[in-house]
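Asker: Let chain A serve as the given structure and place chain B on it in line with the hints.
Chains as they are written, first to last, in my numbering: chain A, 1 to 114; chain B, 1 to 118.
These aren't lab readings, by the way, just hints derived from the structure by calculation. From the three backbone atoms N, C-alpha and C, an ideal C-beta is built for every residue, glycine too. Treat the hints with caution; some may be incorrect.
[Said to hold, decoys possible] BS3-like mimics (lysine-lysine), calculated; alpha carbons at most 27 angstroms apart, straight line:
id : chain 1 : residue 1 : chain 2 : residue 2
1  : A       : K101      : B       : K40
2  : A       : K42       : A       : K101
3  : A       : K69       : B       : K53
4  : B       : K106      : B       : K9
5  : A       : K101      : B       : K53
6  : A       : K113      : A       : K101
7  : A       : K113      : B       : K53
8  : B       : K106      : A       : K58
[Said to hold, decoys possible] Among chain A residues calculated to face chain B with C-beta under 8 angstroms, some are:
id : residue
9  : L44
10 : L46
11 : A86
12 : G105
[Stated by the list, open to error] What the simulated footprint calls covered on chain B by chain A, stretch by stretch (three residues with Cβ under 8 angstroms from a Cβ of chain A suffice, anywhere in the stretch; the number is not a length):
id : region
13 : 35 to 45
14 : 107 to 114
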Amino acid sequence: AQSVTQLDSHVSVSEGTPVLLRCNYSSSYSPSLFWYVQHPNKGLQLLLKYTSAATLVKGINGFEAEFKKSETSFHLTKPSAHMSDAAEYFCVVSSPGNTGKLIFGQGTTLQVKP
Amino acid sequence: DTEVTQTPKHLVMGMTNKKSLKCEQHMGHRAMYWYKQKAKKPPELMFVYSYEKLSINESVPSRFSPECPNSSLLNLHLHALQPEDSALYLCASSLPRGTSDPANEKLFFGSGTQLSVL
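Bound conformation, chain A alone:
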């Protein structure tokens, strides 16, 4: 069975410092992995997607994530946080087969301090 664990429920950084949001996954097959961001009272927006083409995935707004099979991790990073990055971040794995189902982590709240 597929599962996703986001290791931190809350991360606080200062503006201009690096961001690291951690995600571990469990999958019996080669997964598709995603990071979505949700700003307050908004829908979710896809930041980036891993589908085995390259282990380092670049996304929007300067975010990137590295797929590490040996560590079953897919951590999200950004070199320099901006105030507008404050939001909820979800690590997501797709379920196998043709179902269209996504399995969400519990989310990490990113706080960015001035």
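Answerer: Leaving out everything else, chain B in the frame of chain A:
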């Protein structure tokens, strides 16, 4: 047009009311989804439509009734809801799984309808 539009943005209803949530996309996507999201929680899948046919119902109570009149529209009909049904209801769309397109599986979400049941 890369938007999923949901109306209304906010809805307050009593437990005896009947209301509908609407979702529209013009990206040519043939898979559409309803998710329910409680505060500080991840979205929970409710229904999936693929090519206008219901493909997944995640054991959702019958007081929620989805409808997909055409490939651009998705409705969620609400009747006799309970206060615990209060949540943010999100619509999403995508190319269906199996489509040989790099954008496959990428979900586009609407901004949601914030529902309060009194």
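Asker: Any hints from earlier that this structure breaks? Give me their numbers in increasing order, please.
Answerer: 3, 6, 7, 11
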